[in-house]
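Following the hints, position chain H against chain D.
There are 2 protein chains.
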Amino acid sequence: MKRETLKNWQSVRKEVLNRIHSRQWKPGELIPNEADLAQEFGCARSTVNRALQNLADDGLLDRRRKAGTRVAMHPVRKATMSIPVIRNEIIARGSAYGYDLISSERSTPPPHVAALMGLAPRAGVIHIVCVHSADDTPYVIEDRWISSDWVSPDDMVNFANLSPNEWLVTHVPFTAGDIAFSAISAGAFEAALLGCELGAASFVIDRTTRNNERTITTVRLIFAPGYRIDTEI
Amino acid sequence: MKRETLKNWQSVRKEVLNRIHSRQWKPGELIPNEADLAQEFGCARSTVNRALQNLADDGLLDRRRKAGTRVAMHPVRKATMSIPVIRNEIIARGSAYGYDLISSERSTPPPHVAALMGLAPRAGVIHIVCVHSADDTPYVIEDRWISSDWVSPDDMVNFANLSPNEWLVTHVPFTAGDIAFSAISAGAFEAALLGCELGAASFVIDRTTRNNERTITTVRLIFAPGYRIDTEI
Chain D
470 MKRETLKNWQ
480 SVRKEVLNRI
490 HSRQWKPGEL
500 IPNEADLAQE
510 FGCARSTVNR
520 ALQNLADDGL
530 LDRRRKAGTR
540 VAMHPVRKAT
550 MSIPVIRNEI
560 IARGSAYGYD
570 LISSERSTPP
580 PHVAALMGLA
590 PRAGVIHIVC
600 VHSADDTPYV
610 IEDRWISSDW
620 VSPDDMVNFA
630 NLSPNEWLVT
640 HVPFTAGDIA
650 FSAISAGAFE
660 AALLGCELGA
670 ASFVIDRTTR
680 NNERTITTVR
690 LIFAPGYRID
700 TEI
Chain H
470 MKRETLKNWQ
480 SVRKEVLNRI
490 HSRQWKPGEL
500 IPNEADLAQE
510 FGCARSTVNR
520 ALQNLADDGL
530 LDRRRKAGTR
540 VAMHPVRKAT
550 MSIPVIRNEI
560 IARGSAYGYD
570 LISSERSTPP
580 PHVAALMGLA
590 PRAGVIHIVC
600 VHSADDTPYV
610 IEDRWISSDW
620 VSPDDMVNFA
630 NLSPNEWLVT
640 HVPFTAGDIA
650 FSAISAGAFE
660 AALLGCELGA
670 ASFVIDRTTR
680 NNERTITTVR
690 LIFAPGYRID
700 TEI
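Each protein sequence line maps, in turn, to chains D and H. Just so we're aligned, residue 470 is where the first sequence starts under the numbering used here, counting upward by one. Just so we're aligned, residue 470 is where the second sequence starts under the numbering used here, counting upward by one.
Extracted from the complex, chain D is given alone in its bound form (with noise of 0.2 Å):
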């Protein structure tokens, strides 16, 4: 019987989805090399390295150079979430987009600030305070720090018109950043700019940034109770 041949990685990945879910290949055993697959198969090794790299960054399968391919014992699933703009984000839900800058200024950065984004005391910062809303209420709180390196006199002025998150997309490209996920009780400041309740749960993304090795931002995002964030896995 001549077998069908798999013509593309995505096809290996699938059938190799298959024997894990099927439980052919069980949890921590050894699975066959790359060649004898290939000849299984009846296509090129590198066809099966991508598919086998592929399941091992979704945490499927455990590679070690020398010992082989297992499949995991504990797979971590992975999420991949998107991080759009934010007037971009409110408007794909069909809402108006509104802008509020609420306070900037040049400063030196408090200690946790300076830890964060890995300045000296002395050096200049500007921090931002504004608040983006959808259909005139209240969406989130962008609280912000950005390294003075990165920002002059002129960029200053456009802030009362444009939210810093987005001016940096456009004017100053990062390569690499931080992201944590978590929920505050909003205090005072968060419910009279929300316009929530004192200790209402809040959505939290902190987010830092680089640029290469340099820190260009640290963020605070608190999201107006009620905030949801949807991704698959």
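Among these hints, one or two may not hold up.
Copies of one chain are not kept apart here, so a pair can be met inside one copy or by any two copies together.
[Stated by the list, open to error] With a straight-line Cα cutoff of 20 Å, these simulated SDA-like cross-link-like pairs (lysine to any residue) come out:
#1 Lys483 x Thr644
#2 Lys495 x Gly537
#3 Lys547 x Val688
#4 Lys476 x Ser491
#5 Lys483 x Arg539
#6 Lys495 x Glu701
#7 Lys547 x Ile698
#8 Lys483 x Gly646
#9 Lys547 x Glu558
What the hints contain is simulated information worked out from the structure, not anything from laboratory work. All values derive from a computational prediction rather than experimental measurement.
Chain H in isolation, oriented as in the chain D frame:
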């Protein structure tokens, strides 16, 4: 002068990323086609294709069949987050893992659960509530519904000692799912099980997973106040 050739898709990706970050290729601008880039880089067209596709997957390029490839106007960055088994997450923090089953029963689904799982009102479900703890401190409530198709009476016995989170990973593989992140104020139920104050802000993960088209389970994980997920972009 002989140009250095780019041997693999990763080095092509890096060069393209440099051109985007340095603004040699600006947001919205059409970039050269794959054949021209392959010639310039001295590599196969398929190598260029893989690099550009990867950058498009990351939201940095917009690819349109026939219309060519442009630098994204509004890059949508993505964050990839690991979803470990709760026991492993707690152990990885260096804490001792504990598990308490609060309740487990067979019933029919309440309307919101039937809707989430796509079940008939009379379908059989298992409802399990348990608490995972770290160093004897409540860490997260697992409030879970499982379609009874996947659970035998023998399996029910297991939940006294093994969380459904862990049991499902090793017994019922899933192929896809939805996941959402939000924040809630702890009510009486959450405050009692987490040992926190009424109204404290809790981080919440809602997850519904399927095996092909059939829903296996839907779970709400309610974390003790102060919980935070860290990841990278």
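Right, here's what the structure says about each hint:
1. Lys483 x Thr644: Answer is between; shortest inter-copy Cα gap is 11 Å, intra-copy 32 Å.
2. Lys495 x Gly537: Only inside one copy: Lys495 and Gly537 sit 15 Å apart there, 43 Å across copies, limit 20 Å.
3. Lys547 x Val688: between (24 Å within a copy, 17 Å between copies)
4. Lys476 x Ser491: Answer is neither; intra-copy 22 Å and inter-copy 38 Å both fail.
5. Lys483 x Arg539: within (17 Å within a copy, 30 Å between copies)
6. Lys495 x Glu701: neither (25 Å within a copy, 31 Å between copies)
7. Lys547 x Ile698: This pair counts as both: shortest intra-copy Cα distance 15 Å, inter-copy 13 Å.
8. Lys483 x Gly646: between (32 Å within a copy, 17 Å between copies)
9. Lys547 x Glu558: between (22 Å within a copy, 14 Å between copies)
Comparing the model with each earlier hint shows violations of hints 4, 6; every other hint is respected.
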